[in-house]
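Chemist: Could you use the hints to bring the two separately framed chains together as a complex?
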Amino acid sequence: MSAPILTVEHLTMRFGGLTAVNDLSFLVYAREITALIGPNGAGKTTLFNCITGFYKPTVGRLTLAHPDGASFLLERIAEFRVAREARVARTFQNVRLFAGMTLLENLLVAQHNALMVASGYTLLGLFGSRAYARAQAGAIDKARYWLDRVGLIDRADDPAGALPYGAQRRLEIARAMCTDPVLLCLDEPAAGLNNRESAELNAFLRAIRDEHGISILLIEHDMGVVMEISDHIIVLDYGLKIADGSPREVRSDPKVIAAYLGVPDEEVAQVEAEVGL
Amino acid sequence: MANESEPAKPLDLPAAVKEAAIAALVALGLFMLLIGIRTDQGPTGALVFTTRFGALAAIVAAVFVATLIRATLLRGAGISVARLLPASVSTAASALTGYAAAAFLVFALIVPIVFYGNRYLLDLAILIATYTMLGFGLNIVVGLAGLLDLGYVAFYAVGAYSYALIAHYLGLSFWICLPLAGILAAFAGLLLGFPVLRLRGDYLAIVTLGFGEIIRLILLNWQNFTGGPNGVSAIPRPSFFGLPFNPSEHGFAATFGLAYSPTHRVVFLYYLILALALLTNWVTLRLRRLPIGRAWEALREDEVACRALGVNTTTTKLTAFAMGAMFGGFAGAFFATRQGFISPESFTFAESALVLAIVVLGGMGSQLGVAIAATVMLGGFELFREFDQYRMLVFGGAMVAIVIYRPRGLVATRTPSVSLRDHKDIPAAIVRDARTETAA
Numbered sequence: 001m002s003a004p005i006l007t008v009e010h011l012t013m014r015f016g017g018l019t020a021v022n023d024l025s026f027l028v029y030a031r032e033i034t035a036l037i038g039p040n041g042a043g044k045t046t047l048f049n050c051i052t053g054f055y056k057p058t059v060g061r062l063t064l065a066h067p068d069g070a071s072f073l074l075e076r077i078a079e080f081r082v083a084r085e086a087r088v089a090r091t092f093q094n095v096r097l098f099a100g101m102t103l104l105e106n107l108l109v110a111q112h113n114a115l116m117v118a119s120g121y122t123l124l125g126l127f128g129s130r131a132y133a134r135a136q137a138g139a140i141d142k143a144r145y146w147l148d149r150v151g152l153i154d155r156a157d158d159p160a161g162a163l164p165y166g167a168q169r170r171l172e173i174a175r176a177m178c179t180d181p182v183l184l185c186l187d188e189p190a191a192g193l194n195n196r197e198s199a200e201l202n203a204f205l206r207a208i209r210d211e212h213g214i215s216i217l218l219i220e221h222d223m224g225v226v227m228e229i230s231d232h233i234i235v236l237d238y239g240l241k242i243a244d245g246s247p248r249e250v251r252s253d254p255k256v257i258a259a260y261l262g263v264p265d266e267e268v269a270q271v272e273a274e275v276g277l
Numbered sequence: 001m002a003n004e005s006e007p008a009k010p011l012d013l014p015a016a017v018k019e020a021a022i023a024a025l026v027a028l029g030l031f032m033l034l035i036g037i038r039t040d041q042g043p044t045g046a047l048v049f050t051t052r053f054g055a056l057a058a059i060v061a062a063v064f065v066a067t068l069i070r071a072t073l074l075r076g077a078g079i080s081v082a083r084l085l086p087a088s089v090s091t092a093a094s095a096l097t098g099y100a101a102a103a104f105l106v107f108a109l110i111v112p113i114v115f116y117g118n119r120y121l122l123d124l125a126i127l128i129a130t131y132t133m134l135g136f137g138l139n140i141v142v143g144l145a146g147l148l149d150l151g152y153v154a155f156y157a158v159g160a161y162s163y164a165l166i167a168h169y170l171g172l173s174f175w176i177c178l179p180l181a182g183i184l185a186a187f188a189g190l191l192l193g194f195p196v197l198r199l200r201g202d203y204l205a206i207v208t209l210g211f212g213e214i215i216r217l218i219l220l221n222w223q224n225f226t227g228g229p230n231g232v233s234a235i236p237r238p239s240f241f242g243l244p245f246n247p248s249e250h251g252f253a254a255t256f257g258l259a260y261s262p263t264h265r266v267v268f269l270y271y272l273i274l275a276l277a278l279l280t281n282w283v284t285l286r287l288r289r290l291p292i293g294r295a296w297e298a299l300r301e302d303e304v305a306c307r308a309l310g311v312n313t314t315t316t317k318l319t320a321f322a323m324g325a326m327f328g329g330f331a332g333a334f335f336a337t338r339q340g341f342i343s344p345e346s347f348t349f350a351e352s353a354l355v356l357a358i359v360v361l362g363g364m365g366s367q368l369g370v371a372i373a374a375t376v377m378l379g380g381f382e383l384f385r386e387f388d389q390y391r392m393l394v395f396g397g398a399m400v401a402i403v404i405y406r407p408r409g410l411v412a413t414r415t416p417s418v419s420l421r422d423h424k425d426i427p428a429a430i431v432r433d434a435r436t437e438t439a440a
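Chains as they are written, first to last, in this note's numbering: chain E, 1 to 277; chain S, 1 to 440.
Honestly, the hints are just simulated from the structure, not real lab data.
Since the structure is predicted, the reported quantities are computational estimates derived from the model, not experimental observations.
Check before you lean on any hint, since a few could be wrong.
Partial pick of chain E residues on the chain S-facing surface, computed with a CB cut under 7 Å [what the hints assert, rightly or not]:
1) R84
2) A99
3) T122
4) G161
Now the in silico label distances, taken between C-beta atoms and shown as ranges [as the list claims (entries may be wrong)]:
5) S:Q339 x E:L124: 30 to 40 Å
6) E:E9 x S:L199: 49 to 59 Å
7) E:T58 x S:G380: 52 to 62 Å
8) E:R130 x S:L191: 57 to 67 Å
We treat Cβ as the ideally placed atom computed from N, Cα and C, and that holds for glycine.
Chain S with its partners taken away, still in its complex shape (with noise of 0.2 Å):
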């Protein structure tokens, strides 16, 4: 199927070689230390040097071949992959984006039936449903709003503290604790927002990412409260309204007469991130509606345009910033509860890059494509544990082929608050994203 809008260019097959010949140079030279040479620790405990050539060699041919084929079969046919796949993927994506929401609510409505039995598929899905809540909640500011946070683990860990801290000090019951937890969190985002009112694009996600830090820092310090890096345990568990999930006669197993099974309680955590995780999704999408939510678009549109039409842009602003912490905190108490334990540890850098990276990757501002990247990913993750180190490479390739083909996330289209007569989707091209903000 070649793309008739683009005549065929003739065959050029010196400069295809050229540029194949380029890319096998590069690839020689990124792989040379990381494939070629490798060091193991021998009998005695000295580090033994072997080479794999071999290996490199092959490599560096693949890369070879695969750029040639493409600068010559494809390219020489008309045939360009990156105007190919989006248009095919994305007339398909909007005509079956509802069936598809739909499909994913009632699967995961019936994970843990299906995967009774299977303890390790069912944390996973705990996990995957975590992160899809906090994908939901970062898309309010980054999404929407269009405020590139890097920072967001800061509001999952004031989330978690809180809990762990209120129930260890108050012992007060998780159920009262993850309302506080939101709160404490929204105010940790008004106090994040005030700073960075001016400030856009990098320069916003400079500060938000020390803002994360700092946050890990103090839980790492203030050893006395927060237990520095030892952490907090023995976090009380989450009951069924009242049922603690034990063996004994007053829980959850014994007053439905069941026989007790430590998986009624993974199921019920399950269920309870569903939840959660589908109330932030109902209440964005209710935003969005809501004069609050266009002015939080707006903002991302054009903030000086905002002003002129008597938008409050600070306020909005920071009412973004607080609904997308307040998200991140009731995440966080989740986190807290399940794990039982928390250390600052847990709240690195590198989980905030992991959920921008669910929200880049699932097109900024569309729920679906944030759920089914938060799937792909951590799935993703979990399917290629056995390829040990490789699993890195993978997923790196991976990520540099979305941004290729998809720059704008799986959902790419923006789909209208509200119509006057055709409801039509939005092309992510007209559309302004975080990123797009410093090139104004």
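This is chain E alone, in the form it adopts within the complex (with noise of 0.2 Å):
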């Protein structure tokens, strides 16, 4: 097992008197797969949107430690910075793509910090500066190895919103590995796929994973895709953490059991105070 990327401590998100996530602990560890599933309201999407910045948990701490050493609090640091500086990149569960823009276009807004710097601030490219027609070369070389590794190259100036629904999905993954992370949070990259379609993503995010070198935590429903490609598995419910492990582990765990398929009648007793309610 390799250190750990994200070390989330104590995590506790209240909104008003609802507890989404109530004093979660876990670790992420580099270069490996980790899903988080759970029942629907277990508080998994709040748990990323705490991750990425655009929540900041009422308690807890969450250290991102880079494979450089850097090392970084996300819930001290604005969203944006999640995703600039601490190289956190995510995808959405209703997909969130610029539908107006073109394929290119999109994958081109993913890398618009360092083609800022490039650009001089605006400055140097609004005189056509040699730089920055380098930096943009370079940053379309960068949208087409993606583009190809989606199989969306021929595409690449259709706008995105044209895309069928499976399309779209890959074409998010491709616009989040455009910001070059180090962390690749996926919220259901598979809902709604095919068999076929599904397949090919498991088979997308092991070269991910592999090949980069990036850690990838997701959240899915789908368990054939879950059991499939994960290295390790959280499980949630309720907002807390029932589980943490191996998916072999976790398929047998009688608790992950009770949470998805319910208990026998005479057990809801002895089940609840195990996980604690």
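Modeler: What follows is the structure, given as structure tokens:
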């Protein structure tokens, strides 16, 4: 087991009287695919929003350690800095693309910060600096690479909004990869995909992990995908962590089975006591 | 030419008559007071009440017949005006956009030569060019960044008053004041930008509307600095790089050995505003291809996704406001030097509405569309001047027709800022605009 890239300690997120995530602690290891599962309303997306800076947690600490040794306390920095400096990229449960812009433009917006510097914060670019032209050519090459990887290179000049659903999901992952992340957070990447598409997705996510050395944290409901590609699974229910381990361990855990399938009436009290409700 | 994809519906005459009757009834209610009754001042000064039921009957009958024709003939044959017109217009438009823009530019350049003797037309051309420039400036904020700004006139006012007051109190020349006016207007843009960072759509529109009024009220009430309702007069006229346009021996005409003519200044003003408008256009087109321009458009499409990609949406929004405001400020400084006199009356909400109408009509984000819309709207206003009060009726009717048949403006496609292989325009239906914001 490698070093942890993300350390979550005592994370709690309350919305008024509702506790969406309750005293949660876990580790995400570098170069692994970690899956976050749990029934609807278990707090998975809330947790994602905390990690990516969209929510500021009520209590708790989120430490991200880069391979080069730099470390960031994610709960303290604004969401765009989480992406820009801590290099945590994310996708959304309901795909959020720039629908009226082409695929290529979508991937160039993802490289905004690097290009902004290259364009001398617009001033050099306005007067057609050679350095900016080179930087843009490099950005287009990178976009071309990722479009090729997700099989959308032929549609590079089409608007993103015209793509079928599965392709939009792939494009969103490609766009996240263009930000050069160290941790990639995917919110239900396989939702709405058919069998062939989700098999392709599995291969693609493995390639991201193995070829690019990127850690992946994903929320997924499709157990076929989760069990096949995950190195490590964390199970949430009612904002609490109820299991944490390898796919094999999690699959046979009685608490997980209870959370997903329910238990016979006579065991309810016992299971609730174990879970801590 | 019937639309083949839509099968012709059987003719339903009773329903069509009913629809026409309802339309006629609405028309009757609307025009009863507008057209049916007229009051004139009589010889003794008392109002004379006259009825014009003949004209009222004619217009109601016209509405009835028009609705009946639309409901029977056009629909019965499967012809939908709404579908027929845009399809042919937009294919023609996208094919001709390049040529149209070039032709438009050439025409704009030779206007003073062709109409040299016609002072009225030259003044109109200056007005159109000014509003085109304002349209380009507002287009950055509304068309690219998708921030609905109803108070754009505030920046126009800041620019105009900056020049007028700097020239008045410090005696600096137009060419020094022009950039200063732009910079001060850009600061006003930042000032507006900060409080509205979290607002979108309708809410943003209301706050910007208020901002426009605040600026106007400040100008109106700060009597001892701005002159209040009396405005600022005797604003210095622009010089031809130091040569004034007057009959003196150091004037423009004498230096170039020409006979003095007041038209020289008008022509110079025209080329000045044309150059400023073209500069705005060039900068906008350039910015669209830079990361900042793409970030503006991405912001319009999805702000949350922007933040997830590490785009600082605060600075992105503020630069859009500042950049749009700066060009508004340039146009304002030009306005002040052209008029020689400004007062808060020139900067009412109606101006903001007109500029926004130009941007919406032209097609948000389209430069050529804005130029055409400014020409059509201001030119149309002048063309229908003899129709007197019916001018607004025609204008209103035209706006309604455009909203129905060309809801996305005249040039309703978005041109991608960069392409890998083949360059194709994006239909407006996919592109989000400032008005769709609240629906999300």
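Chemist: All hints are to be evaluated individually against the structure, with a verdict given for each.
Modeler: Comparing the hints with the structure gives:
no., hint, in the structure
1, R84, "holds, 3 Å"
2, A99, "holds, 6 Å"
3, T122, "holds, 5 Å"
4, G161, "holds, 4 Å"
5, S:Q339 x E:L124: 30 to 40 Å, "holds, 38 Å"
6, E:E9 x S:L199: 49 to 59 Å, "violated, 36 Å"
7, E:T58 x S:G380: 52 to 62 Å, "holds, 59 Å"
8, E:R130 x S:L191: 57 to 67 Å, "violated, 37 Å"
Checked against the numbered hints listed earlier, the structure breaks hints 6 and 8; every other hint is satisfied.
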